[in-house]
Amino acid sequence: MQDSYDVVIIGSGAGGAPIAHELAKQGKSVLVLEKGPLIVPQLQATSGLSMFKRDEVFSTGAEKILRQPVGNRGASYYSSHVEPDLNDEPHVYRRADGVDYATIEGYTAQVVGGGTQLYGGVSLRFTPRDLTLHEWNNRAGAALDGDPNGDVPKAARDWPFPYAMIEPYYAKAEELVGINGEINNQHKPFSSGNKYQPPLSINPISGHIERGMDALGMPRYRTPLAVITQDHVPSGRQGPQPGEAAKTAYVNRYGDPMGFKSNTWVSLLSPVRQLPNFTLLPNCTVTHLSCQGARIDSVNFLGPDGTERNVTGKAVVVACSAIESVRLLKISADIDKGEFSRRINQDGRQMLGAYFLTHCFGGASALVPVPERFDKSETLDSDYATDFCHVDDFLASEKLWAGAVIYNNTSDRALPLALARNFGSRDLDTIWQGFNENTQLVSDALAAFLEHSLGRGLSVTFMANQVPVKTNRIELHPSVKDKWGRPVAYIIKDFHPHDVVLMNKLSGYCRRILEQGGVTDEIGSGAVFGRDELARCANHILGGARFGTDPTDSVLDPDCKAWAFDNLYVTDGSFMPTSGGANPTLTIQANAFRVADILAARI
Amino acid sequence: MAIHPVIDQVTARIAVRSERTRVDYLQRMRAAASERPARAGMACSNLAHGFAACAGEDRLAVRGLTRPGVAIISSYNDLLSAHQPLHEYPAWLKDSVRAAGGVAQFAGGVPAMCDGITQGQPGMELSLFSREVIAMATGIALSHEMFDAALLLGVCDKIVPGLLIGALAFGHLPAVLVPAGQLHTYKFLVAAQPVLDPINPQRTVLDNGIEWSRFFTQRCAVPVSFEIWELAILVRLTNEILPFESRDAQRFMNLYYFTSDKQAHLSTLAHAYRLEQPIGAANFIDKIVAREERHRFIDYKICLRIIDGLLRRRFPGLTPAQISKDGYRDLYAEMARGAVDGWDVGQYQNPNYFLQILRRHTYMGAFSHPKYGGNAGAAGWAYLEEMFRGPAGESCFNWRRSIELPLGTSADYLG
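Protein sequence lines, in the order shown, are assigned to chains V and D. In short: position in the first sequence from 1, add 43, done, that's our numbering. In short: position in the second sequence from 1, add 2, done, that's our numbering.
Here chain D stands alone, though its shape is the one from the complex:
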């Protein structure tokens, strides 16, 4: 790939001007690196404190000194809307790391300020300073020296740099920023009056009842359209539709997420989120009805409520998320026939019509680019790559060669 000569010049100048401090930094990092898990060099009393809070298998693993330790550092709090998925991340990450042969510990929380709330308030003056505190807090978490790698959870313009600065102080450790996407609300100031964006149709009503304009970023995993109970039903329905239920498919999915080689795994995990959903198809639907296909949002709102009601009547005492696979299979078959026992046709005339929308969206979610919120970690593409083979055993869908790094392998196409 050709690089603009000015970029080369600037890079070279930075290298020259920073040489003294950089060499110093690199020497420190080299000295800090070791061949074995870092905690293996610890005194017994230090190490005992290190695993006192662990439970079960992890406790044995930390004591065992052979499995690599991974630090989780999170900036989660209840105030930042963009951070909501991070709430559940640590537990998932621990499961994933365990399955991959390591052991993860929640090493520290760092502060995070929501500019949206402090905007125009005295608290806003602390916004930039918070970066330094985040860096310091990250450093404190990693200074336990128990770890061989770090997973950093956070988004936004003070938090990510703060996490990065803190992690660089432990630059001998690989660190991965785990993305969650971003959701923002905003207004324009016109003649000193805040007004809604007249072009962008996305709006949201905040808890105080005031309407704001809204946008979300690529790969956003924050629910923007659906309630948790609606998503739970969607997850089960998309599960029913997708071809990932067979034993072979399940084996592949486990392989892809949990036991691929380290390099592939880093690029996979960096794009994997909402792992409780197969392929993230429900997350894709949550996003497409917020933006490109807003006209379909109402279909989902009406039909998910109908489905919730009829499933609760069919399976008293169970939430729709707890209902067996057969319950959803039967429901799918009835919707396909266009006649669902207990369906309120007064609210929505034809369940088959909704099923058609849902199927198209589900398929798109599984096999479109991961930036749209589905096809998590490109697992849908990798499934096709793995399952279908030509005459010489070569894959019939070598998607990586056309797709940008780090997802694909094209060095030239930048996405």
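Next comes chain V alone, as it looks inside the complex:
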């Protein structure tokens, strides 16, 4: 095996694949190391069958019992076949009561393509304002609700470049990844043009959302989704024929056996897989990095058979999702407490792992009137989005520090197992619990439950910036070990009071959309805190190795290079100094394309 490359990339998801794609196409020698297996769509499978299935037992599978020495030991959990097994490699979360719990994040996947194999595909840009929150919150006359000590203006950060700098990379990501949507009414400039494929027709149930958003004067647009609706030339994929055939409720939290969902394998890695200068090694677990001075000189990993191996790269890119990337760097510093530790920890400023972020997330949910129920299994993940809550005037009048996208979900509770296992559950961690405990749902009452719920659920979600707080952080757990005996990630996190104010206001807007759309039956709304639940701390995991212009206030420089290293880059969501008012994947991809250009010029 070749043991030195131009670039070694750890992780094949949204942060790693764009760099691999670009550099491989430019003739650089590229190695991608991926912890999980390679699962290909039907057309690439020698058997003709994909190991992703339209099968509800695949997305949220059989019960497993947690055996880790934590507070929820003995609890049931249900994970997809490509999610990390909590008994092998858990993330441990410290709850407000100080008790440690093993967690599920929901969209972390150990498979080539990473989380993009499981995500619903919502592919939104951040707004120009999302990248300039320090400037906005320190403007003359700025005022916030729920920030009595004035923390937020101090905590807010501008990104080290303006929106205009990343705009061409957004366009590049939209074009190469393969996304359908529309730019009309989006509150972001599309100066490089419209790269979307056309959206499919809406699910009729979203008619309620049209009416609700229109009544509230919210300019709406079709939610950009990473699912191709026609042939996609850049990746050589044949689209669904007809396009509407792509609609199936087996999208969000399912790998796609057809390859229509634009995960990073089918869109970015598969197109370069035949190049002699491109190597992908699935089933390889990177254990630690070693350095010689400012240079990472060895990426140490376990091969599929468990033997220790190592490779070198002129550049080393860490992109194994925020929590695992920070953990890998901390473990490397633990092993080499001298040079590596000094350089990554920047002489003890404790920035690595700090400012861990997720999203302020929540919304509203209700049932449409029975005569208006529709087949929700004929859908993609979302139909309509609005940037109403992204506009400066809105933020100023509501006294909020940052904006948010609001969009509706269409594929939730579309299938029969999902209907039962999400019944009464707050989130992914309480799967089946509500159904299990309500033993009255039996026989005729079970028939009535199906009559009551099938085809009726409609929900609206907001995705908003979380205030960065230094004590929200990723550490190594002092005692819990993974199956290789390495310390697992330890997540310590809470919400700022302003986050709570923001979530309450935004969930109110989500609720009003449903009410104005005539959907009021069993309406409920609120925030998903991810702090009281049995076992979940985050939806999107971001921050922990943020970039910036000041080495004392960031882990990475504006190029996403670790300050005190010469060839170490981090390009998953951990680079983000603020979490953006939208789902993060497209921004991670756009930034990775940006870093690819920087690396191409350097190598």
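I should point out that these hints are in silico values taken from the structure, not numbers from a laboratory. Among the hints, a few may not be true.
To be verified - With a Cα cut of at most 16 Å, we get these calculated EDC-like pairs of lysine to aspartate or glutamate:
hint: 1; chain 1: V; residue 1: LYS524; chain 2: V; residue 2: ASP98
hint: 2; chain 1: V; residue 1: LYS524; chain 2: V; residue 2: ASP131
hint: 3; chain 1: D; residue 1: LYS327; chain 2: D; residue 2: GLU242
hint: 4; chain 1: D; residue 1: LYS327; chain 2: V; residue 2: ASP487
hint: 5; chain 1: V; residue 1: LYS107; chain 2: D; residue 2: ASP301
hint: 6; chain 1: V; residue 1: LYS96; chain 2: D; residue 2: GLU406
hint: 7; chain 1: V; residue 1: LYS107; chain 2: D; residue 2: GLU294
hint: 8; chain 1: D; residue 1: LYS373; chain 2: V; residue 2: ASP98
Please read these numbers as outputs of a predicted model, since none were measured by experiment.
With the hints as your guide, set chain D onto chain V.
Just chain D now, with coordinates in the frame of chain V:
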């Protein structure tokens, strides 16, 4: 759907090279086909022998010459573990065919060899030859010319090809292979010593007391976890939980299994087994506690024994399978309350905890993909499709468009 060009080339070459014999075959088959039930062309004395062994309604039907005749050919014997469900199939199939307006007769048995038993023995040398005998025996059964269709019962790599070859000799008749799933035991040879599979945790102890590694296939209907008496209780309990007891639901289930149109019926029956259980949920549980949720096997073992004991005490002289619906309804209600009269809390503390496991498994069994052993013939999905309608009367659960053939209608997704 795109087909790889090499497959097209190979197909075309086979077509060219086999043209002479194939045309000959097809001409023979065309000549053999007729518009009416095949036995209608028979002499009276032949036909009289044909129904002499039939009873009741079937006897009248065979004599009547208008209802189609279906041959059942089975390779059942007591030696092949994978064949055990086939033991009861002929009676069920006769009932189903009768309800669908036809008449089925058990036309012949064919031999079947268990390689597991003959492995390494002289008998193994007959294994491949058995295929030819099976083909011949199938042909003999069908040569009665009483039939308009054939149901072939058998699994494994000599039996299915043998049945197929025999049936092709009567290629003008539609023939359906009725699946039963497969259960296999195996060991690895390491340095000439047989050893258990160190990865697969599934084990089974055979009658001779020796432990083997085990696996079963998708759609397997062979009981792998439970005894017959345990399954009988499970069937009644899952019945109690599922929403298929109402009159509407019962009417739908009868419709789905027995009177759907011919094309739909073929694809339904090809996936229907363990019909004595509603939706096959008990079979699903039998499988999930053998594999994905092995940790729950012990809960069932303990609780089914407790339930068996307390039901026998409550209803002296009756087996749990014979107890009325009220008996199970009461038991369910007590378990839901967490207090069951006669429950041995020393053995299992909380009956409500077991009920929660059972309910989740039952629901999964009714509505997960049929390959897991429940949702027989996708009847659970079809129930939702049929019962729930949108504003224009269209179904609110058009599951077929996403699911592979022959169960669903997606031509592109292959499962």
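Structure-based check of all given hints:
1. V:LYS524 with V:ASP98: Since the Cα atoms of V:LYS524 and V:ASP98 sit roughly 32 Å apart, the hinted pair is violated (cutoff 16 Å).
2. V:LYS524 with V:ASP131: Satisfied, since the Cα-Cα distance of roughly 9 Å is no more than 16 Å.
3. D:LYS327 with D:GLU242: holds (8 Å)
4. D:LYS327 with V:ASP487: With a Cα-Cα distance of about 14 Å, the restraint between D:LYS327 and V:ASP487 holds, given a limit of 16 Å.
5. V:LYS107 with D:ASP301: holds (15 Å)
6. V:LYS96 with D:GLU406: Given pair V:LYS96, D:GLU406 holds - Cα atoms ~10 Å apart, limit 16 Å.
7. V:LYS107 with D:GLU294: holds (8 Å)
8. D:LYS373 with V:ASP98: Holds: D:LYS373 and V:ASP98 sit about 10 Å apart, inside 16 Å.
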